[in-house]
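Each chain is listed here by its residues.
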Amino acid sequence: MVNNSEAILKLHYIFKKYKTRGTFFGPQSKDVIALNSISLKILKGEIFGLVGESGSGKTTVGRLIVKLEKPEKGEIYLDGQEILSLRGDQLKGFRRRVQMIFQDPYQSLNPQLSVLDAVSEPLIIHKIGNNHTIEEITRKTISSVGLSPPDDFINRYPHQLSGGQRQRVAIARAMILKPEIVVADEPTSMLDASISAQIFNILLQMREASNITFLFITHSLAAARYLCDRIAVIYKGNLMEIGPAEEILHNPKHPYTQALIDALPKLDLSSSKKYYNSLRKEERIVKENAGCPFFSRCNVSDETKCGQNIPPMKELGKSHSAACFYA
Amino acid sequence: MPLLEVKDLNIHYHVQGGILKAVEGISFSLEKGRSLGFVGESGCGKTTLGMALMRLLPSNGFISDGQIIFDGEDIRKKNEEEMRKVRWQKISMIFQAAMNALNPVQRVGNQIVEAITTHSPLLKKDEAFKMVKNLFQLVGIPGDRIKDYPHQYSGGMKQRAVIAMALACKPKLIIADEPTTALDVIVQDQILQEIKGLQEEFQISIIFISHDISVVANVSHEIGIMYAGELVEYGNTEEVFESPRHPYTKALLSSYPTLNGEKNMLTPIPGETPNLMNPQTGCRFFDRCPNAISSCKINPAEWVTISPTHKVLCYQCGRDCGI
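The listed protein sequences derive, respectively, from chains E and L. Each residue of the first sequence is one higher than the one before, starting from 1 at the first, in my numbering. Each residue of the second sequence is one higher than the one before, starting from 1001 at the first, in my numbering.
Hints are computed from structural coordinates only; laboratory data are not their basis. For glycine and all other residues, C-beta sits at the position ideal for the given N, C-alpha and C. Warning: the hint list may mix true and false statements.
[Stated by the list, open to error] Taking lysine-lysine and the DSS-like style, the derived pairs with C-alpha atoms no more than 25 Å apart in a straight line are: (1) L:K1130 x L:K1172; (2) L:K1311 x L:K1021; (3) E:K253 x E:K41; (4) E:K318 x E:K287; (5) E:K305 x E:K236; (6) E:K30 x E:K17; (7) E:K281 x L:K1007; (8) E:K236 x E:K287; (9) E:K266 x L:K1250; (10) L:K1250 x L:K1311; (11) L:K1263 x E:K44; (12) E:K274 x L:K1133; (13) E:K10 x E:K178; (14) E:K236 x E:K281; (15) E:K287 x L:K1147; (16) L:K1263 x E:K253; (17) L:K1021 x L:K1007; (18) L:K1311 x L:K1007; (19) E:K70 x E:K236; (20) L:K1196 x E:K281; (21) L:K1032 x L:K1170; (22) L:K1147 x L:K1124; (23) E:K266 x L:K1263; (24) L:K1196 x E:K266; (25) L:K1263 x E:K274; (26) E:K10 x E:K44; (27) E:K318 x L:K1263; (28) L:K1172 x L:K1124; (29) L:K1311 x E:K266; (30) E:K70 x E:K10.
[As the list claims (entries may be wrong)] Sample of chain L residues lacking proximity to chain E, with all beta carbon distances greater than 10 Å (derived): (31) I1069; (32) K1077; (33) F1095; (34) N1110; (35) L1123; (36) D1144; (37) Y1153; (38) K1170; (39) Q1188; (40) E1200.
Using the sequences and the accompanying hints, generate a full structural model.
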C-alpha cells in the first residue's frame, strides 16, 4: 500500500499531437490531438491505473513517460527532476529507473535471443555485475516472475514459450534493473483470463516485495479495480475523472465513467441492468466541438454550457475529481 | 425436434508430426430461437467447432467422427454444391475480426447486395438494395452511409455491417465467433444488445463463441464451457453461473476480476493447457485440477447430470455432490 503520499512522477499540462500522413487520394495531412493538457501525479509505491478506450491516448501517456515520444508542450518530472531535457549519461540513468512492459509479448521479445540473453541484456547494457553475477541475478529474476526452476527456461527461445511465459520473460527483463517506475501497457490483453490473473498477481507481488511504482494502462475497469490504488479515466486525450479505485467504480461522477461501467458485461447476472444511463440514445451531430469531449454522447449535457466550454477538473473530496460541470 | 443437433463430434487437424485432436466428443442441441454460448480459452477448439458446423474447416482439418444434424439433415453428408445452399441462407456467420471481413475496395452496400443476389438470383438489384436499406436500419447504420467504403466506417459500424450481412438471407442459425472482441466496451454493449434484440424479433438461433465468459453470460440462454477440445460443463446460463460444478469452470470464474462485491485475490489456474497431439487418456484437466484423484488420470471423465438443464463432465464432482 501507499505509505507516504510523495509524488514520484508528475505530468504537467502535457499536450501531444500526431500528424496523419496524407494519402495518395487525399494528400492533405491533419493534426490529431492525442493528449490535451494532461496533468497527473503518480505517488511513490502506488499502482496507478490509466483506463481508456482505444484511441484515448492512454498508450501515448505511457510512451511519453518512458521517453519513447516527446510532447509538444508540458513538462514531466521524475522525483522533481525534469526528464524531457535529459541527455547522455543522465538519460541512461533515467532509463534504468523507468522501464516498460509492452502489450504484445509476441512482438516485444527478440526471437533470436534466448531467455537468458534477453533477460540479462539490460545488465550488460548498463554494465552491472560481471559474467558470474549476471547469470545469477538473471536466474533469480526469472524465478521471481514464476518461471521456475529457471534452468528449465534460460536456454529456451521465445517460440518455445507460451504467451503467458513470454510475458513473464518481458516482465523479468523490465524488472532486472530494479526500476523505480514500471509502465505496464495492457500487459495481459493478449492473454487468456487464467493466465492474465497469474500476471496480475506477479505485478502485485513485485510491488509488495520492492515497492515499485506502476503505471498500469488498461481498457478494463475490472482489471484496474483489482490492481490499482488510484484510477484515472481518459477519453479522447482528456482526463475525465481521477480518484481512488473503489471510488471511481462505485461512485463514478463523470457521465463517461458511468457509461463505461454501465456497458461492462457483468458476471453477476442479477445486476445487469443499466444503472446510470448517462449515454445518449442518439449521438449529437457536432461539427466542431469546442466543449466537453464527451458532449456528443452525453445524456446529462447542456447544449450551451457543455457544448461551448471545456469543463475544468472539479475537486469532489477524498482526492476524487472529475471534469464535468454536473459532477 | 431441435434445429441443430450435434452428436459426438470429433475434429482433427493434420499437422506436422501427427494428428491434432482439436475437438473431441462434443454433443449438444439447440432449439429454434435460443442462443447457446461456448466459452473457453485460446486453443480449446471453440472456433474449430464453429467452422465445422458450416463445413468451413481449413484444408488440413476434418471431421473424423460424429453427426451434425441441422434442420433434419446431416450436414456431413452434403456435397459442396448442397453446402453452398446451406451457407448464408440457412446458417450464416459473424467472423472474428469482422472488420477485416469486408472488401476494402467495394462499397459496403454493394457487398451485401451481392450476398443477397448470389443466393436468390431471381431478385432484382434495386429490390436487393431496398432490403439492404432495411437491414441497415435494423442494425442501426444511417441509410445514407450505404454507399460508403469500409474505411469510412468506424469499427462498430463495420461490425454492424457484418451483422447486417449475416442477417441478409434470413438464416435460421447464426454463428457469432468473437463478434465484439476488437471493440470498445460501450460499442460492444450496443452491438450485443442489437444482436439480442434481432434474435428475439426474428426467432433466430445463435451460437456465440467467446473467450470472455461475461460477454457470453449476458447473451446466451445456455452455455457450454470448453477445455482442451472437450465440453466440460453445459447447461442453463444462470444455473452454471450460480453453481458451477466443474473445477475448470470454477477456476475460470475466479480468475476474472469483478466490478462489484468483495475484492478477492484472483486465483489463477496453475500450469498450461495440455498438448492435444497426444492427450492423456483420463481427464484432460487432471494436471491443473485441485480436486483430482489418481483414478482421474486413467479413467476418462464421465458426464454427470446435475439437473435436467445442467450437466458436467467430471467423475469427482458427481460423486462429491452425492448424485
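Going through the hints against the structure:
1. L:K1130 x L:K1172: Roughly 21 Å separates the two Cα atoms, so the pair holds.
2. L:K1311 x L:K1021: Given that 25 Å is the threshold and the Cα spacing comes to 23 Å, the pair holds.
3. E:K253 x E:K41: With a Cα-Cα distance of about 20 Å, the restraint between E:K253 and E:K41 holds, given a limit of 25 Å.
4. E:K318 x E:K287: Given pair E:K318, E:K287 is violated - Cα atoms ~37 Å apart, limit 25 Å.
5. E:K305 x E:K236: holds, 19 Å
6. E:K30 x E:K17: holds, 10 Å
7. E:K281 x L:K1007: Violated - the C-alpha atoms of L:K1007 and E:K281 are around 44 Å apart, more than 25 Å.
8. E:K236 x E:K287: holds, 16 Å
9. E:K266 x L:K1250: OK: E:K266 and L:K1250 at ~16 Å, within 25 Å.
10. L:K1250 x L:K1311: The hint holds at about 14 Å.
11. L:K1263 x E:K44: holds, 23 Å
12. E:K274 x L:K1133: violated, 30 Å
13. E:K10 x E:K178: holds, 20 Å
14. E:K236 x E:K281: holds, 20 Å
15. E:K287 x L:K1147: holds, 22 Å
16. L:K1263 x E:K253: holds, 21 Å
17. L:K1021 x L:K1007: holds, 16 Å
18. L:K1311 x L:K1007: holds, 16 Å
19. E:K70 x E:K236: Roughly 18 Å separates the two Cα atoms, so the pair holds.
20. L:K1196 x E:K281: holds, 17 Å
21. L:K1032 x L:K1170: holds, 13 Å
22. L:K1147 x L:K1124: holds, 18 Å
23. E:K266 x L:K1263: Holds, at about 15 Å.
24. L:K1196 x E:K266: holds, 16 Å
25. L:K1263 x E:K274: holds, 22 Å
26. E:K10 x E:K44: holds, 11 Å
27. E:K318 x L:K1263: holds, 20 Å
28. L:K1172 x L:K1124: holds, 23 Å
29. L:K1311 x E:K266: Given that 25 Å is the threshold and the Cα spacing comes to 23 Å, the pair holds.
30. E:K70 x E:K10: Holds, at about 15 Å.
31. I1069: holds, 31 Å
32. K1077: Label holds. Min Cβ-Cβ 36 Å, cutoff 10 Å.
33. F1095: With a cut-off of 10 Å, L:F1095 remains clear of chain E, as the shortest Cβ separation is near 19 Å.
34. N1110: holds, 19 Å
35. L1123: Correct as stated: the minimum Cβ-Cβ distance to chain E is 32 Å, above 10 Å.
36. D1144: holds, 12 Å
37. Y1153: The claim stands: L:Y1153 keeps its Cβ more than 10 Å from every Cβ of chain E (closest is about 15 Å).
38. K1170: holds, 27 Å
39. Q1188: Non-interface label on L:Q1188 violated, nearest chain E Cβ at 7 Å vs cutoff 10 Å.
40. E1200: holds, 16 Å
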